[in-house]
Amino acid sequence: MLECCDPINASHSQRLIMNLTLVVLVPFLGAALTGWVSRYGRLRSAWMAGAVTALALACLLPSLPVPFTGEPLIQRLPWMPGLGLDLVFRLDGLGLLFAMMILGIGLLVIIYARYYLDADDCMGRFYAYLLLFMGSMLGIVLAENLILLLMFWELTSLSSFLLISYWRHRQDARQGARMALTVTGLGGLALLGGFLLLGEIAGSYELSVILASGEAIRAHPLYSPMLVLVLLGAFTKSAQFPFHFWLPRAMAAPTPVSAYLHSATMVKAGIFLLARLFPALSGTPLWSVLVMSAGLATLLIGAWIALFKHDLKGLLAYSTVSHLGLITLLFGIGTPLAAVAGVFHIINHATFKASLFMAAGIIDHECGTRDMRRINGLWHFMPYTATLAMVASASMAGVPLFNGFLSKEMFFAEAANFFDLSTWSWVLPVTVVIASALAVAYSLRFIHDVFFNGEPHDLQRTPHEPPHWMKVPVEILVAICLLVGIFPGFTVEPLLAVAADSVLQCNSPAHDLAIWHGFNSAFAMSVIALLGGLLIYAARRPLFMIAARHEGLIDAGVLFGRTQQAVIGAARAVTTAFDTGSLQRLVALLLIGALGLGAVGLLGVSAPLTGTATLVPADGISLIVALGLGAGAIATTVLHRQRFTALIVVGVLGLLIALIFAKFSAPDLALTQLSVEVVTIVLLLLALYFLPQHTPAESSRVRRVRDLGLAAIAGLGTTALAWGILTRPGATISGYFLDNSVPGGGGSNVVNVILVDFRGFDTLGEITVLALAGLGIYAMLKGLRLPGMTLDPSGRPWNWDLHPTIMAALTRLLLPLALLVSAFIFLRGHNQPGGGFIAGLITAVALIMQYLTNGVEWTHRRLHGNMHPVIASGLLVGTLTGMASFVFGHPFLTSTFSHVHWPLVGDFELASAMAFDLGVYLVVVGSTLLILIHLGLMRSAATQERD
Amino acid sequence: MLEVILSALILLGALFTFIGSLGLARLEDFYTRLHGPTKATTLGVGSLLIASMVYFSTRGEGLSLHELLVTLFLFITAPVSAHLLAKAALHLRLRSLAVVPPRAEASAPQQANRDAPSDETVQR
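Those sequence lines, one after another, are chains A and B. Sequential numbering of the first sequence, starting at 1, is according to this note's numbering. Sequential numbering of the second sequence, starting at 948, is according to this note's numbering.
Same shape as in the complex, but just chain A (with noise of 0.2 Å):
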């Protein structure tokens, strides 16, 4: 069948210029700025939308002559060349017809959704998800890496979430949009199995490999595999059955969304697939059973439920479906005419489906009702768009002069054609023209109800023609339809002609888009399946009958619910068996299990307990604070009924740890921990005011008992395995970092250059997190009012002397003298004991002291209470000094550092990991008081509910 192929020769055309990868990108960049827009005006989001839409556009023109040559241009750029990934893009004609659909369509849409969005729908967000959505299909359609199209293709899969989604007050929507995303989600797990094993059949996840060596991939063991878990993908997506389900129900979203996401991107991305993938998977007897059947099926199925909806968008939909279903049903096939045939429906299908959605928009709009049972007869209400969707319908009906008929007419001939092969090929054209029949039907029924049958039933309001720019987009898609449809020569041939080499990868069979070809069998089909349409219809009342007493028999969308809550029960059943809520359970269980692996890993194991490296003989300083610690943690645990007594031994234990640190030469540990402590015992107290002050007795004495045995024997395991490890003699990476401190950091203080330098990635992570531990504990506590206690646990009253005099003088004596020594830690961090962590908690620190001394309204009048711009601040200084090495073409966070002479202070040493450091410092203060200023404010809404 692909004999008269001769491959095209895919070269790996370099070009300076980036303009593919800005095509993808720059829809991204502008969906952050169409957010901010809306901030000024609702309508500015749309300019800006169609703005960015129209730049895309105008990046891809430049490239636009290249795929005519013949030849894919492909633009690289390195990303993670040491994963062999790297940005890389692909335009062929294939690439270029879909960047066209989704850019031109996409601006149509974006048009079309200015007048459609109610006042109070947020414009903003909804044209960035829109924009975001475009960027991941194109994203798609452009990218020459397999793997760099999953990604794009799980991003479709999350923006389409979003858009779905949008009317989030709607259950429905969020139903549909979760609906949507778990099907496409799955597909999209499968699909990366597909392709990793495609990549490793083929040896390399570039398409230009793939697509050349067709031959070595079908041939391989591992292909049908491979094939079931893409065709997977491809299926989910494109709402092939058995996954057709989900698509009905993301109708839920605004209609614009519905018109892009169904007619030209979304569920054109699994056609797209097996588009692409043509040339590498096809040929094969399974892909021609699987593909055949799911697009088969899908095109009955589709048609016969379209025609028995009443919701207008419900019609469109399944239609949708079902003109799916055809055009896999073409890829299946696989001649190379059919697969013309199938790039052909592609833009037929976009173009007129997208016009009717549109025009059901406009229809439910003015209505305020999509239920084709009430609008009836808007022939004399709107004329003008009447006559629009009557163009779109009859183009999707396939009747001739209109876009539709040409692909269908191809159709039919590829379906005719298959009957000589085999036994039961009569199956196949047979079921077309009786689906064919069926879509003529409800296209029939689409125009026929809503336009005319009478007069409209119990409207809410007296529909008339939208405003002008709302109709517009109709108008240049139903124009495209009519040029398309008779003038096919001038109009779609190059293009169709381009993308269809670039599926076949050679040139395409000769075909004639001419809209007569004299009496021949698809002429036939095609009459057949007008009349039969018809006929159909005329018959439409007992069908309906029919069809209403079998609604909702074969809805495997009810099937996937079922599966859903069977698993989401499962998933929570687990839960509930191991987390009852109790706290000592659950450390209780994680001891076991420890203990439990630790014994088993342990099984069997001869060494000696004692390594070999030789003992430091231990001092009398080391044995008494060893024994402190000892017998702190006992006292802890002994007095643990009286909290604050207990929280009290515990700051005991961290500032003996400080000493453990200072005496085994750690100053900054040392330093950490004592700063650390201090802070953590303010926050404990704090919260320590909200519970009870005693800890009531509730375990048995069985259980203390058992808990007291595990805890032994955990901590005889743990004193046991760092043992084993400490007399062990090993190499460790220290001695790396004391060489290279100085000449590579900078500083002379290892800790500090590890945290700022050499690990600098890391301590950015952290400080995200503790950013993030900061911002949450403030959503935790934001609005919380707990009742504070006026009687302490022997029920003597609170000191009404909240803020006793000495204390508020002295302390605020105290405020600069500290801020003296923060700023002194930090500068010197980089070379002595100290850094931005330390600093930062002795600021905060400082700033407490004030909130608890004078009070919050005292502090915030000099103050600013205010933490989310510090902690932001923080981060962008980290993040950006880490990014300026980029600009001296460094790897992230390189440090550089020279040395700076400064009167009076003398030598000292100017890094840039000390910016780095600011941000870490910026950071710790931020969230440190925004912690503890929200734990003391709970305490003084407290006291101002009792007043």
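Be aware that a few hints might be false.
Between beta-carbon pairs, the in silico distance windows are [unchecked claim]:
# : chain 1 : residue 1 : chain 2 : residue 2 : range
1 : A       : Gln693    : B       : Ile1023   : 55 to 61 Å
2 : A       : Thr576    : B       : Ile1023   : 50 to 56 Å
3 : B       : Ile952    : A       : Pro816    : 49 to 55 Å
4 : A       : Pro816    : B       : Leu1041   : 34 to 40 Å
The set of hints was computed from the structure by calculation and includes no laboratory data. Predicted, not measured: the structure shown is a model, and the values here were computed from it. C-beta atoms are modelled at their ideal positions from N, C-alpha and C, and glycine is treated no differently.
Put chain B on the given structure of chain A with help from the hints.
Leaving out everything else, chain B in the frame of chain A:
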């Protein structure tokens, strides 16, 4: 000569610290016990700090002034802690050798709250 001075200062400091500790252990009630540690921090630590200053300043590495800072911080923190402790003791009406004045704040909580209703705080 220097060593004699230093020894004397250190011994003096140790003595005062000891007296302070003894007072903390032996004195009759909370309020008098509060005096013990204050002696230790002022006179005891003061002598030790002077000793340290003299020692480090005479080693030819310039004047040692760290101790002044230590003194400053002690002067700021010691009264605050002593004051808070005394306040807490008064509030809890601990046993006292002297006659404790009648509770001023017995009727004060409501009044205080009314006086400073917006006096928000994060004090525990």
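Verification of the hints:
1. A:Gln693 x B:Ile1023: 55 to 61 Å: Roughly 31 Å apart at Cβ, these two residues miss the hinted range, so it is violated.
2. A:Thr576 x B:Ile1023: 50 to 56 Å: Once the Cβ atoms are compared, 55 Å apart, the range 50 to 56 Å for B:Ile1023 and A:Thr576 holds.
3. B:Ile952 x A:Pro816: 49 to 55 Å: violated, 35 Å
4. A:Pro816 x B:Leu1041: 34 to 40 Å: holds, 36 Å
Comparing the model with each numbered hint stated earlier shows that hints 1 and 3 do not hold.
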